[in-house]
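Participant: These are the residues of each chain, in order.
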Amino acid sequence: MTAVAGGDLHSMSEIYERRHKALFRFFFRLTGRQSPAEDLTHEVFLRMIRYRHTYQSGEMFEAWMYRIARNVFADHAKKHRLEIPAAEGQMEMVESSRPTPHDSAVKQQDLALLHRALREMPVEKRELIVLSRFQGLSYEAMGRILGCESGTVKVRVFRAMKEMGQVFHDLRREKAS
Amino acid sequence: MMDPTCDQAKTLMAAAWTPGELDEAQASWLRMHLAGCASCSEEMALLSNLWQRLGDLPVPEPSAALRGRWEQTLQALTVPQARQGDAARPAWWRSFWPANPAWQMAIAALCLAVGLGAGLSLHRGDSERNEVAQLREEVASTKEMVAISLLQQQSAVDRLRGVDYSARMPSMEPQVVSALVHAVNLDANVNVRLAAIDALGKVAGNTRVLESFQEALPREDSPMVQAALIDYLVEAHDRNAVGTIQNLVAKPDVNPTVRERATYAVHQLAQ
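First to last, the sequence lines map onto chains A and B.
If you count by the working numbering, then the first sequence holds residues 1 to 177, one letter each, in order.
If you count by the working numbering, then the second sequence holds residues 1 to 271, one letter each, in order.
Some clues are possibly wrong.
Said to hold, decoys possible - List of simulated lysine to aspartate or glutamate pairs, DMTMM-like, C-alpha gap at most 20 angstroms:
1. 21/A <-> 61/B
2. 78/A <-> 221/B
3. 162/A <-> 164/B
To be clear, the hints were calculated from the coordinates, so they are not data collected in a lab.
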């Protein structure tokens, strides 16, 4: 990123190769939809170019990138009122890229409920779970992204997981009844 | 009331889900606590299971279109850079020559007309040199048309190119200024709005631009654009903007960084 900040835009290709899938997945988990997730991913790279001068050499790149990603998502959410979870029929389910020959129907049903439970979480808690569980970020990195101590992040992640557990439990009961 | 050691355990439980987050002493403390606390032990089992199962969710993949879009954008953004290294083309030529072949042909035709006019003027005396000046004006007007046309394109990349093209014009005509002001106020793309604000830096003292920025600021919802508008107004020393910026500071939902910058701007403009 230092090269890009120095004006070498061609180096963005390498950054794109390394990060675009992770960013896309971050946005997909937050929005639940392919097309907005791709638009937002593209927007992050444009903003990285535009605000390349704000990257300081030696700074944790992931933290800088996800701060931009969060701003992009906040702008998007403001316009599209993403606080309201998508209705079940509107959610785009992802086809697994990993073969699961031994998965039972029950397990598949549970995964669908898990997916739905994640989507029904308030967006700020969903974001905590996505960053910690799916993006492979340390709590220290998350602290830098969210602007708080890593200990605070751990507590917030625990609470978000607990709430999601409750949502998942309720959905299972609803399905069973 | 919950035992404070249970609170401590919850922090460590979250850490235990991620490899490398717990040191040996913390892991040992957590094991001991879980062994003696049924409530925490049950919670740990349930949530750890949920954490594991989240890993079974399918992994979404971006479409090939995303890459294509990125490559197109990067190409558009790096073309001026690539041309900087082309010693065969001087700077004035690079800034003048548009990428669109239709405009290239139009400009070539106008250049031919300018050449003919200039040649004839050598024989026809001073009175006919006005025609050459007129043709030059037409060339300038063609450049404006290119910029304005690009700013009206559907693709944000093309509009960004339009902004860039406008910014590289030696002087900014009123129509181009209007098109850029329009982009700042109404363009759906944040990057186009930001680039248009930058481009309008050439006409920082323009009253119409300043007034339109004051109007745009309360409507703007992107913190980055808000910050750019504030910076512009400060750079232009527009004291008339103090009230608008103060109103923004007073808004309860304004971004903290923007509020900080706006407060600083009010201070600067009041000096």
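Participant: Work down the list of hints and note, for each, if the structure agrees.
Facilitator: Hints and how they fare:
no.: 1; hint: 21/A <-> 61/B; in the structure: holds (7 angstroms)
no.: 2; hint: 78/A <-> 221/B; in the structure: holds (8 angstroms)
no.: 3; hint: 162/A <-> 164/B; in the structure: violated (50 angstroms)
In this structure, the one hint that does not hold is number 3.
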